[in-house]
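Asks: Top to bottom, those sequences are chains X and V. Following the numbering used here, the numbering of the first sequence begins with 1 at its first residue and continues without gaps. Following the numbering used here, the numbering of the second sequence begins with 333 at its first residue and continues without gaps.
Quick caveat, the hints were computed from the structure, so don't treat them as lab data. Incorrect hints may have been included.
Claimed, not checked - Interface residues of chain V toward chain X, partial, derived using beta-carbon atoms under 10 Å:
1) VAL376
2) ALA410
3) LYS468
4) THR531
5) TYR532
6) ILE533
7) ALA535
8) GLY540
9) ALA541
10) ARG545
11) ASN554
Unchecked claim - Restraint ranges, calculated between C-beta atoms of paired labels, are given here:
12) HIS543/V / PHE15/X: 18 to 26 Å
13) PHE15/X / GLY498/V: 30 to 38 Å
14) LEU526/V / PRO275/X: 49 to 57 Å
15) ARG355/V / HIS124/X: 31 to 39 Å
16) LEU526/V / VAL189/X: 54 to 62 Å
17) LEU353/V / GLU197/X: 54 to 62 Å
Ideal Cβ placement from N, Cα and C applies to all residues, glycine included.
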Amino acid sequence: MKEKILQVRELTTSFKTDRGMLKAIDGVSFDVYKGEILGIVGESGCGKSVTSQSVMRLYDEKYAVRYSGSVKLEDRELFEIPYKKMQDIRGAEISMIFQDALSSLNPVLRISDQIMEPLRIHQHMSRKEAYQKAIEMLRLVGIPAPEKRVDQYPHELSGGMRQRVMIAIALACRPKLLIADEPTTALDVTIQAQIMELIVELNRQLDMGVMLITHDLAVVAQTCSRVVVMYLGQIVEEADVQTLFAEPLHPYTHGLMASIPRLTGQRSDRLYMIPGVVPLLNQIPTGCRFAPRCPYADERCRQQMPDLTACGAEGHKVRCWNPEAAAKGAEA
Amino acid sequence: MQNNTASFQDKAELKRIRRRLSREQHSLTLRRFLRNKVSLLGTVIVVLMLLIAIFAPLICRSLGVDPYTAVVKDRLKAPLDPTATVRHLFGTDNMGRDVFARVLYGARISMTVGFLVGTISGLIGMALGLYATTSKRLDNLLMRICDGLKAIPNILLAITLMAVLGSNMRNVIISLTIVAIPGVARIARSQALLVREQTYIEAMDAVGAGHTRILWRHIMPNILSQVIVQMTFSFASAIISEASLSFLGAGIPDPEPSWGGMLNLARGYVYKGWWMIIFPALFTMLSVLGFNLFGDGLRDLLDPLSVR
Chain X
1 MKEKILQVRE LTTSFKTDRG MLKAIDGVSF DVYKGEILGI VGESGCGKSV TSQSVMRLYD
61 EKYAVRYSGS VKLEDRELFE IPYKKMQDIR GAEISMIFQD ALSSLNPVLR ISDQIMEPLR
121 IHQHMSRKEA YQKAIEMLRL VGIPAPEKRV DQYPHELSGG MRQRVMIAIA LACRPKLLIA
181 DEPTTALDVT IQAQIMELIV ELNRQLDMGV MLITHDLAVV AQTCSRVVVM YLGQIVEEAD
241 VQTLFAEPLH PYTHGLMASI PRLTGQRSDR LYMIPGVVPL LNQIPTGCRF APRCPYADER
301 CRQQMPDLTA CGAEGHKVRC WNPEAAAKGA EA
Chain V
333 MQNNTASFQD KAELKRIRRR LSREQHSLTL RRFLRNKVSL LGTVIVVLML LIAIFAPLIC
393 RSLGVDPYTA VVKDRLKAPL DPTATVRHLF GTDNMGRDVF ARVLYGARIS MTVGFLVGTI
453 SGLIGMALGL YATTSKRLDN LLMRICDGLK AIPNILLAIT LMAVLGSNMR NVIISLTIVA
513 IPGVARIARS QALLVREQTY IEAMDAVGAG HTRILWRHIM PNILSQVIVQ MTFSFASAII
573 SEASLSFLGA GIPDPEPSWG GMLNLARGYV YKGWWMIIFP ALFTMLSVLG FNLFGDGLRD
633 LLDPLSVR
């Protein structure tokens, strides 16, 4: 068994609002192992980003948010660390890259200054050392002529380059865990492929754990070793990537897969859509959260919440009362 | 081999072109600023006033005049009056002091007050604006204090402060700085609030940068240009406020040649000595106009939305 880097147990994040506490994620548990890429997929608004930001404790804990559960980085419990001390972990042991590469770099600072930040903060390097390291990092992420690029400003770089710079910043201190929050959403398709390749390559080279948050199943299929499917703040299915794509058990996962446009088949066929929308957090249904949108839902689904239970292949877990029906229904 | 040298030359050539391009870009910005006739005029006036302030003693010495010596025989001589003992370019005042020298030395006072008030209020206001964004409670406290200060008319507030502190140049600077801080703080705060929400600030949070570091290294450079523009306006209004204070007798006391003080003195001689009132007034007006035009030009240059 590979070394476990991150262990998340029963993580619940609630936000304070005018209408009381809203649970954005509710009892999420998963592990990230060394050297693997864990995919977290789901529609917009199902808690993927909240999960990643909660792991880093990025929310304002004084006013906005309340956590419960446990997040363990190797053998340290992150929720027991004082808030101030989290600064030493962010950027050094857990790093993050954001969705929007175009606005993730400070427009008035040089590339060098921004890559040097984590090095100066965490490793207390001198400017000169950090500058050399910044060039080295740019080379690592595949930016040509790094000696020249390092002195430029973000507006002089293309979107793909900027995302590479973001990756360089995130990896500067060799973190144990990289959280990539939809790293390719703002980029065009060819650049997307390059960036994903780079992440896969660096994951292997640096032997870190990667949490890849995305809504793109194609990306998941190509890069991840295990996948967690989230719906409305809960994990609904967890499996390794082959199993998930070969025999998805949860109706929601079916829906997601059926929604992928196919190159083959009739043009006139309408693209499949999961009916309805993700409900608002203050309108969470009783029973199975997916029941109102599920074509196979029955009375039990609407009354009682199913647990995440092992089912089928090893490590395959699903939160559904009737996964067989779903699997059969999808085949039909 | 030949190929290699060729590519080497190409590279050198490319480097030269690139360097020239960046130089051209810088001069382009400068030219865009100066092409605007109005901001060019403002710049000329500002530079002129600063030069006058710096070289006032030199100019006066070479003309053989002095702002403090009163020659009783030469009281109220008109400009270039041949009967005076020395040629007085702008005439003399009721005590026989040279108005030209006093106006030049007055520029020193105005520029010093303007500069110090502009920079000090700029720095303090920026710091207050930045820290106001860190917590709701602090924000409320600071901004309500600013509102309170803004509710009192500027001159009234300045006079009150001067009455408490006593009349001299240092106190003029202190009270005008207090008057100018709320304006800068408000602008710095609103800009910092915008910048704080940007992804790149969140990204720095995720890198583990502390509060102070994010505030000063990452947010501050983004709001600096707006603060500098506001500083030029504080500069201009400090000149006018200082003149007003001195005119009302609450500013810099008489032997010192402040423009406002000279106007106050000239009140009694409007018919007998028009030159006593015209020249200080003209200089006050010109320098305030100059700084405002300069500030407008600077704002247009730094704010991409206002470019036609």
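Asks: All hints are to be evaluated individually against the structure, with a verdict given for each.
Replies: To see whether the hints hold, each was checked on the structure:
1. VAL376: Where the cut-off is 10 Å and the nearest Cβ of chain X is about 30 Å from VAL376/V, the hint is violated.
2. ALA410: Constraint on ALA410/V not satisfied, violated at 56 Å.
3. LYS468: 8 Å, holds
4. THR531: At 5 Å from the nearest chain X Cβ, THR531/V passes the 10 Å test, so the hint holds.
5. TYR532: 4 Å, holds
6. ILE533: 8 Å, holds
7. ALA535: 5 Å, holds
8. GLY540: Status holds, d = 4 Å.
9. ALA541: At about 6 Å, which falls below the 10 Å cut-off, the nearest Cβ of chain X leaves the hint on ALA541/V intact, so it holds.
10. ARG545: At 7 Å from the nearest chain X Cβ, ARG545/V passes the 10 Å test, so the hint holds.
11. ASN554: Holds - the Cβ of ASN554/V comes within 10 Å of chain X, reaching about 5 Å at its closest.
12. HIS543/V / PHE15/X: 18 to 26 Å: 22 Å, holds
13. PHE15/X / GLY498/V: 30 to 38 Å: 55 Å, violated
14. LEU526/V / PRO275/X: 49 to 57 Å: 40 Å, violated
15. ARG355/V / HIS124/X: 31 to 39 Å: This hint holds: roughly 37 Å between Cβ atoms.
16. LEU526/V / VAL189/X: 54 to 62 Å: Given about 32 Å between the Cβ atoms, the range is violated.
17. LEU353/V / GLU197/X: 54 to 62 Å: 33 Å, violated
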